[in-house]
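Let the hints inform the model, and build the full structure from the sequences given.
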Amino acid sequence: MKFSGYYWSVLVSVFLALFGAKDSLAQTKIIDLRDPAFASLGAPLFAKNCAVGYCHGSEGAAGQGPRLRGRHWNSTTLFEVIRDGIPNTTMPGWSGVLNQEGIWSITAYIIGLGTGTFEPASGKLEMGERIAAKELSSKAKRGRALFFDLTNEKRCALCHRIRSRGSTIGPELTSTTSTKSVDELHRDITDPSATIARGFEQTIVLVADGEQVSGIKKDSNEERIQLYDTAALPSPLRTFYRNQIRGVSGSSVSSMPTSYGEMYSPSELADIIAFIKSGE
Amino acid sequence: MKLASFLLLTVCVVALLVVTTVRGEEPVSERLVNAANEPENWLTYNGSYESWRYSKLDQISRHNVKKLIPVWSFQPGIVDGGLQATPIVVDGVMYLTSSLNRVFAIDAATGKKIWQYYHEIGEFPSLYGTWNRGVAVGHGLVFMGTADNYLVALDAGSGREVWKVEIENGGQCGCGITGAPLLVKDKVIIGVNGGDSAHRGYLNAFDAKTGRHVWRFWTIPGPGEPGNESWKGDSWKYGGGSTWLTGSYDSDLNLLYWGVGNPAADFYGEDREGDNLYTESIIALDPDTGKLIWYYQQIPHDVWDFDSGYEIVLLDLPYEGKKRKLIVTPHKSGYVWVLDRTNGEFLNAWSLVENTNWIEGIDRKGRLIGRNEPVVGEYKLLCPGITGGRQWNHGAYSPKTGWFYSTALEWCQQIKAFPEKAREGMSFFGGEFKLVPPPKEEAHSHLSAYDPVTGEHFWRYKSKYPLLASQLVTAGDLLFTGDAEGEFLALDTETGQRLWSFQTGSGHRGSPITYSVNGKQYVATPSGWGSAVAGLLPQLWPETEYFQSGATLFVFSLANFGVSNEVRSE
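Chains A and B, in that order, are what the protein sequence lines are. Just so you know, the first sequence maps onto residues 133 to 412 in my numbering. Just so you know, the second sequence maps onto residues 26 to 595 in my numbering.
Please note: incorrect hints may appear among the correct ones.
Now the stretches of chain A that chain B is said to cover, found in silico as 3 or more residues with beta-carbon under 8 Å [as the list claims (entries may be wrong)]:
| no. | stretch |
| --- | --- |
| 1 | 185-192 |
| 2 | 219-226 |
| 3 | 234-240 |
| 4 | 280-293 |
| 5 | 366-377 |
| 6 | 392-400 |
Bear in mind the hints are in silico, worked out from the structure with no lab data behind them. Note that beta-carbon positions come from the ideal geometry of N, C-alpha and C, so glycine has one too.
Structural data, given as structure tokens:
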């Protein structure tokens, strides 16, 4: 198939709309999706990420996900689905895992499994590589690993969210990068009651059966109070309906455990603070 | 206040206290321990703590089963992933879950909905789907694990949320929950999937009333703990070991039994040299503390993605002339293991399938002989494949016949391993596979009656397509199950003869139950094709790509109870 100037301009426009002119001007690369060498780059990526286990099957033979072999594809649509996923289904978006070149190579590989007929968009495409995320210092990297360490049942991320990851039981920490000093963060971690972020003061609910539950209030209305019960980690979100509640009071003590100063060594604390301050 | 009023008030308060105390101390555990003695209910996932999936109800029997007709149906409204649940029935109310973590309370006699709860699913791992296999009920609450790794407790009467807890972020861990919880005394025991992701598995217990975490048993020991030496380097951090189905409980021994799944990377084992404890093991824990009492590892250093997560059937039967407390547990490898459940001693292992070459056999001490492992870079024929010599859907045991009923799958795979580095929460298979028929026959499936200890089989019911639904056996000498083409079947437990069937319009991947309300026996079955394995079938049977998905619960009872419909029964 001859690649016409019309399609070329359409594709470049589509590309610029998709990825933003800034990125594409920063780095551009010409990729021919019909190039077997380029498609072969997609084969191992497909095997590791798409064929896996119960998903699309080896060489797209079908699985929990649909069969990909023997089908007719529009390469732009295919690329977008791989990149963004399909909402409310088990098809995830891969933009956070694979770079654009990787996704294009999988696109080329899948087209190669198809019927052999090509949509116009399956010709040459210009693409820009994603600008790499800011590289973290080794300290901040260690801090990030500690913050999200799944083998630690008291890790920070059980309660705190930072840059779109972690739970929202405690204060979100992304904005803390600019507003808090290293010393203030150190104090927040080792002496949580020294200052308590607004909206995260401890609430105590006295329940009709005599139980007293303290934690962080998530929400309340005429019908009920929702409270993260911080007596346990991970903290359950408990709902108390008005007819169960005998009383509600506040406290100046933080719901955050006081043990983090002992749990982490000084250098580990410094690493975690470096990560919070890194602005990744 | 007048004396009479005061006395009346006192009496009321005392009465209230008594009622509260009785209700508060309602012996949930005792009721569950004796679940088999209230066959009008289906109180827990596997029917009883012994996981027999057997009911003493016999109103519907081999003599009148032809009069069985549908009396109501229920549609959760989501067909993706089919309908895989075991419904729970307590005192005339059915609790049913569906894909996307919907929970419904339904009048078990009429099918009228009482309440619904839709969990809002957040980040979840795509590998394991959004289907759900059921709830646990007790303490006035309904408990469900979710695809995004929450455990949720709902008020059984109103469906209102009482507590929920995010066990671990599903997006980060690549894990979630599809299995049903098990309620043991005042604790909700809940497993996790994620065994094919770079994830370290666990089993958790939460306080039923408050949702507070009580204990965690890591299925992979950490540094300094016994068993950690069975993992090379840091491989323990991402070694799989999921607990994705539901265990059993022996109240006399106070032991909780749970199966632990495969190690990861599934097919590439060089980076995790060693036995990889406690993957591919049956673990026996103290349910009060989560402490390990004993374990038995069926497959040291698994490289086939088999699973020890299937039902753990507790039987008290003679073994070599002496009555023993046994575990009989089928396995994805196609073998059934027989263990002493007091101490984990290996007694026997027998095969459900004829097409098997992953090992040559198992010796009298339980050791695997002649391991046949995937190799890096080239395809190799191995039977059974990753899809198993049996699927997770559960078998059943009838004390009337003394037989264990199970499906088996005769199929193979071409498999190739490749080195793979762990990426936290991402898929971690280390290989790829294609389903192929066995070398000397067509791929097929069968359902058979076995001696649970020796594996001797007494009858066999064959099916062209894989049988992927659970079995239910009853004192009416009936076995109920469903097939891929949508037929819901009743077989004679003694002969395997097909006595009755009903076309439900979509294939079966769930678990039928039976119960009664006001003296009338019902049989309920989920119908709805879906799931990962169902999706793989077109590799062997291309036409199955067009098998319709669905999600409907069908409920049947005998036609002569008020409804005359002789025409419908064949």
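Against the structure, the hints:
Counting residues of the stretch 185-192 of chain A whose beta carbon lies closer than 8 Å to any beta carbon of chain B gives 6, which meets the minimum of three for the stated coverage. With 4 residues carrying a beta carbon less than 8 Å from a beta carbon of chain B, the stretch 219-226 of chain A meets the three-residue requirement, and the given coverage holds. By the rule of at least three residues with a Cβ nearer than 8 Å to a Cβ of chain B, the coverage given for the stretch 234-240 of chain A is violated, with 0 such residues. Taking a C-beta to C-beta cut-off of 8 Å, the stretch 280-293 of chain A contributes 5 residues in contact with chain B, enough for the three needed, and the coverage statement holds.
Only residues whose C-beta sits within less than 8 Å of a C-beta in chain B count toward coverage, and the stretch 366-377 of chain A has 7 of them, enough to reach three; the restraint holds. Only when three residues or more bring their CB closer than 8 Å to a CB of chain B does the claim for the stretch 392-400 of chain A stand; here the count is 0, and the claim is violated.
Hints 3 and 6 from the earlier list are contradicted by this structure; the remaining hints agree with it.
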